[in-house]
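Novice: For chain A, the structure is supplied; the task is to place chain B on it using the hints.
Number of protein chains: 2
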Amino acid sequence: MTELATAGIAAADIHMIEAAARRLHGHARRTPMLSSPFLDEIAGRRVLVKAECLQHTGSFKFRGAWNAVSALHPPGVIAFSSGNHAQGVALAAKLKGIPATIIMPSDAPRIKIENTRALGAEVVLYDRATENRDAIGASLSKERGLTLIKPFDMAEVIAGQGTAGLEIAEQAAEAGVDAADVLVCCGGGGLTSGIALALEARAPGMRVRPVEPEGFDDVARSLVAGEVQTNARLTGSICDAIVTPRPGALTWPILQQLCGPGLVVSEAQALRAMALAHDRLKIVLEPGGAVALAAALFLPGPGDAVIAVATGGNVDRAMMRRALDLPLEG
Amino acid sequence: MTELATAGIAAADIHMIEAAARRLHGHARRTPMLSSPFLDEIAGRRVLVKAECLQHTGSFKFRGAWNAVSALHPPGVIAFSSGNHAQGVALAAKLKGIPATIIMPSDAPRIKIENTRALGAEVVLYDRATENRDAIGASLSKERGLTLIKPFDMAEVIAGQGTAGLEIAEQAAEAGVDAADVLVCCGGGGLTSGIALALEARAPGMRVRPVEPEGFDDVARSLVAGEVQTNARLTGSICDAIVTPRPGALTWPILQQLCGPGLVVSEAQALRAMALAHDRLKIVLEPGGAVALAAALFLPGPGDAVIAVATGGNVDRAMMRRALDLPLEG
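Chains A and B are the protein sequences, given in the same order. Everything in the first sequence is counted per the working numbering, starting at 355 for the first residue and increasing by one. Everything in the second sequence is counted per the working numbering, starting at 355 for the first residue and increasing by one.
Excised from the complex, chain A in its bound form (with noise of 0.2 Å):
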């Protein structure tokens, strides 16, 4: 165990993961790892993909937001998001009884609003080139007694998420895995964390390396340069899922700590990864949860296995259609 972990500086630690682990049980899936030898084919190596776009909601994001309201017992809970966690959000609070207020521009795809809404969520838009979403967050916050579920830096969220990792280590060692690089589609670093943190404690013969697309590569280049850096734009990424400013101040620490370096893909590549995903693992991957699988494929990486997080699957049709029309391969 690292010093981060034992001295206590962690958001998150193993017993916090284990704690969401207990709380998850019997309400979030326990997700499959899939492979399938013509993957392992195309990477030279074993290639398991942890498919957490069969999580409920389509993401992982289900997990953090499940042990977020199941752990503080808030009377409501607020969100800002036009995307996974929105739903991750909706869907917990609608199970435990309770209401979610998801806040999101007024430009969002209709089809997220209408999901995020079908899942008994209240969306309030509000316009990004006039109104302050904080503003508005906090006056509903207050006024309705909510409480704010962060996407990312939250200890609630990172240990949620991190009960992925719990299950990588099991799967991995099932598979008679016990070394190798665990790469995790990366945005904010809610799951890259709490991944880390698990198998830490777990399997520490494993490495956990965040995967970003080109152009949007904030946590590589922050290793790299052991300080925070950011993005220099936020939009223009089919893999918006998992675009963020910059590492989370609770994530950061972590990730600094527990990863390997980070990995960067093209969106060519990661739309390769959907396509080969859709014809080997019969499993549907957005763009931004099909970047680690990407890596895991057309990246050279070290060891006889390889494993990939493949973290969500809430692509709209058009998106699906343009990796289905590259050539087949693998």
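Fair warning: there could be bad hints in the mix.
One copy or any two copies: either way a pair holds, since identical chains are not told apart in the list.
Stated by the list, open to error - Listed next, the in silico DMTMM-like pairs over lysine to aspartate or glutamate satisfying Cα-Cα at most 25 Å (straight line):
no., residue 1, residue 2
1, K448, E372
2, K466, E372
3, K450, E485
4, K450, D670
5, K466, D481
6, K496, D394
7, K448, E468
8, K466, D394
9, K448, D658
10, K450, D394
11, K450, E581
12, K448, E485
13, K448, E621
14, K448, E476
15, K496, D507
16, K448, D507
17, K496, E372
18, K448, D394
19, K496, E485
20, K496, E395
21, K450, D532
Since the hints were derived computationally from the structure, they do not count as laboratory data.
Specialist: This is chain B only, laid out in the frame that chain A set:
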């Protein structure tokens, strides 16, 4: 327990299925039971989906193949198939380190031939117009000492497929469901009869119902008639994976004794179910693997919950595009 099982009339029984489960443990995947509130809304009841498309080689067929090669210890195996059974047998043999010979028509899709070869099998092609498949098989079988693995009419195969039923019983209980229709995409009836035997013993509140595409509903008509009926034609269905001439000699008595009335869906409904599985469950289904989900979603049925077995995901990209071109729903 019915007279059928106690009298030992059935080709397989719960003890054979339990033995198969022991053989499959650690080799076949325990596939997840998925669900989505959006699908529940469409169906007007809870829909649980057993995702056998996530089994090795993309369909449940690996279960029966693995059980057969594990139980019979053949020096080598042979099978007639251009589809899911071929891949299941090829991978099972490869993992056992024994040779597999797969006999396919020379006009089988290139990709299916290549996939089967890539799984280590020798593919022997024959001309449907001028050559006799069975004669080629018998000759090769004798010459090389190979054991024929039939696609459904074989006790070890039925028992292997039945292991999916044991998992359904456990997973349904975990979900709080102990009485429901269990809808199974049905070709020759190996999976359907295996699941029916498993559930008769382990979850007697369940009723198994075969689901077929319009125009290829030999099992549904056989159940109505009380005797085996055949399909008028064997080609021209997009649900080719589950089109067979008639129920099997071993499977039919089990289907007749244990299954409820058959259900029939249109090709359009199968495609809609594929699109909804993509959007809401993040899994890839082939048309023949989607008919049970289609029946669960679009046909009326009793009870608060229904279970659909999504049997396979080996779909070519053009067919998936066809499904994704349908209007959004649910």
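Novice: Hints first: check each against the structure and report whether it holds.
Specialist: How the hints compare with the structure:
With identical chains, the CA atoms of K448 and E372 are at most 25 Å apart within one copy only, with a shortest distance of 24 Å there and 39 Å across copies. In this assembly of identical chains, the alpha carbons of K466 and E372 never lie at most 25 Å apart, being 32 Å within a copy and 45 Å across copies at closest. With identical chains, the CA atoms of K450 and E485 are never at most 25 Å apart, being 31 Å at best within one copy and 64 Å at best between copies. Proximity of K450 and D670 under a CA criterion of 25 Å is satisfied in neither setting, with 28 Å inside one chain copy and 41 Å between copies.
In this homomeric assembly, K466 and D481 come within 25 Å of each other (Cα to Cα) only inside a single copy, at 16 Å, whereas the closest approach across copies is 52 Å. In this assembly of identical chains, K496 and D394 lie within 25 Å of each other by CA distance neither inside one copy nor across copies; the values are 52 Å within and 35 Å between. Within a single copy, K448 and E468 get their C-alpha atoms as close as 15 Å, which meets the 25 Å cut-off; across copies the closest is 47 Å, which misses it. In this assembly of identical chains, K466 and D394 lie within 25 Å of each other by CA distance solely across copies; the values are 19 Å between and 35 Å within a copy.
Taking identical chains as interchangeable, the C-alpha atoms of K448 and D658 lie at most 25 Å apart only when they sit on different chains, with a minimum of 20 Å there against 43 Å within one chain. Only between protomers do K450 and D394 lie at most 25 Å apart by alpha-carbon distance; the minimum there is 18 Å, versus 41 Å within a single protomer. Taking CA atoms no more than 25 Å apart as the test, K450 paired with E581 passes in neither setting, with 39 Å inside one copy and 51 Å between copies. For the identical chains of this complex, K448 and E485 are neighbours neither inside a copy (28 Å) nor across copies (62 Å), given an alpha-carbon limit of 25 Å.
Taking CA atoms no more than 25 Å apart as the test, K448 paired with E621 passes in neither setting, with 35 Å inside one copy and 35 Å between copies. In the homo-oligomer, the alpha carbons of K448 and E476 lie at most 25 Å apart inside one protomer (11 Å), although the nearest pairing across protomers, at 53 Å, exceeds that limit. Only within a single protomer do K496 and D507 lie at most 25 Å apart by alpha-carbon distance; the minimum there is 20 Å, versus 66 Å between protomers. With identical chains, the CA atoms of K448 and D507 are at most 25 Å apart within one copy only, with a shortest distance of 22 Å there and 47 Å across copies.
Taking the shortest Cα distances, K496 and E372 never come within 25 Å of each other, neither inside one copy (32 Å) nor across copies (57 Å). Taking the shortest alpha-carbon separations for K448 and D394, only the inter-copy value of 15 Å comes in at or below 25 Å, while the best intra-copy value is 40 Å. For a Cα distance limit of 25 Å, the shortest separation of K496 from E485 inside one copy, 18 Å, qualifies, whereas the shortest one across copies, 79 Å, does not. For the identical chains of this complex, K496 and E395 are neighbours neither inside a copy (55 Å) nor across copies (34 Å), given an alpha-carbon limit of 25 Å.
In the homo-oligomer, the alpha carbons of K450 and D532 lie at most 25 Å apart only across protomers (23 Å), although the nearest pairing inside one protomer, at 37 Å, exceeds that limit.
Hint compliance for this structure: hints 2, 3, 4, 6, 11, 12, 13, 17 and 20 are not met, and every other hint is.
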